[in-house]
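Asks: For the sequence shown, position 134 (counting from the first letter as 1) is numbered 134 according to my numbering, and the numbering increases by one without interruption.
Simulated from the structure, these hints should not be mistaken for laboratory data.
Only a predicted model underlies this, so the values are computations on that prediction, with no experimental measurement involved.
Cβ coordinates follow ideal geometry from the N, Cα and C atoms, glycine included.
Among these hints, one or two may not hold up.
[Unchecked claim] Label pairs and their computed distance ranges (CB to CB):
no.: 1; residue 1: A150; residue 2: L199; range: 49 to 59 Å
no.: 2; residue 1: G119; residue 2: L87; range: 23 to 33 Å
no.: 3; residue 1: G119; residue 2: G49; range: 41 to 51 Å
no.: 4; residue 1: L53; residue 2: V136; range: 18 to 28 Å
no.: 5; residue 1: I85; residue 2: F192; range: 17 to 27 Å
no.: 6; residue 1: N48; residue 2: G15; range: 45 to 55 Å
no.: 7; residue 1: Y191; residue 2: V136; range: 20 to 30 Å
no.: 8; residue 1: G2; residue 2: V210; range: 54 to 64 Å
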Amino acid sequence: MGYSLDFGWLADATGAIARGAAMTILLIAVTTLAGTFLSILGAAGRRNGPLLLKRAIGVYVEVIRNTPFLVQLFFIFFGLPSIGIRLDPLLAAMLAMTLNMAAYTIEIVGAGLDAVPRGQTEAALALGLRLRQVFVKIVLPQALKVIFPALTSQIIIMMLESAVVSQIAVRELTYEADMLQARTFRAFETYFVVTIVYLVLSMGLRRLLVSGGRRALGAGVS
């Protein structure tokens, strides 16, 4: 029995797909800002903090990197209410995505920090700069320039993994696709269109990050 393609439903579904894409963009925007900030703090603490802090960050990184993102999401959304901590689906999704991204990005940022010659820090301290000033103004900008391609790839990966949060009813792109195919019974067409949307989002986000990175960090970012 042949299958007849039908995209006639797409005109009425454009609004739902656009809302889902907008939610996906919101999720990755929040996750990128919060996750990158936490990863910078974590990488710095893992190298310059007290021993207890270094060990705590190390345990956090290992736990997140060696457990499935879906399990982490379910633990936050379904597990925490057992001890009295209840989060709405969107907040739970943002928290899970941020913690996941930060754990992976700590390693990336750490590699960038290690790539900056220690002599630059020593010279800046000798000139009278405080350690925090040296880190923010000298070490971190150079580290970010080194790691920017890897950081960009991690952000794209996290955006694609955001599809998982549809499992807790966050109305992002995959959730809207599930609802559409349930109503139209056109699974092939629905997921074909959504695949194209994800492709456009990924390529657009990469271009945006590269362009922004060039302006913020200067030449050498690609």
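Asks: None of the hints should be skipped; say for each whether it holds.
Replies: Evaluated hints:
| no. | hint | verdict |
| --- | --- | --- |
| 1 | A150 / L199: 49 to 59 Å | 21 Å, violated |
| 2 | G119 / L87: 23 to 33 Å | 46 Å, violated |
| 3 | G119 / G49: 41 to 51 Å | 22 Å, violated |
| 4 | L53 / V136: 18 to 28 Å | 19 Å, holds |
| 5 | I85 / F192: 17 to 27 Å | 39 Å, violated |
| 6 | N48 / G15: 45 to 55 Å | 50 Å, holds |
| 7 | Y191 / V136: 20 to 30 Å | 45 Å, violated |
| 8 | G2 / V210: 54 to 64 Å | 44 Å, violated |
Checked against the numbered hints above, the structure violates hints 1, 2, 3, 5, 7 and 8; every other hint is satisfied.
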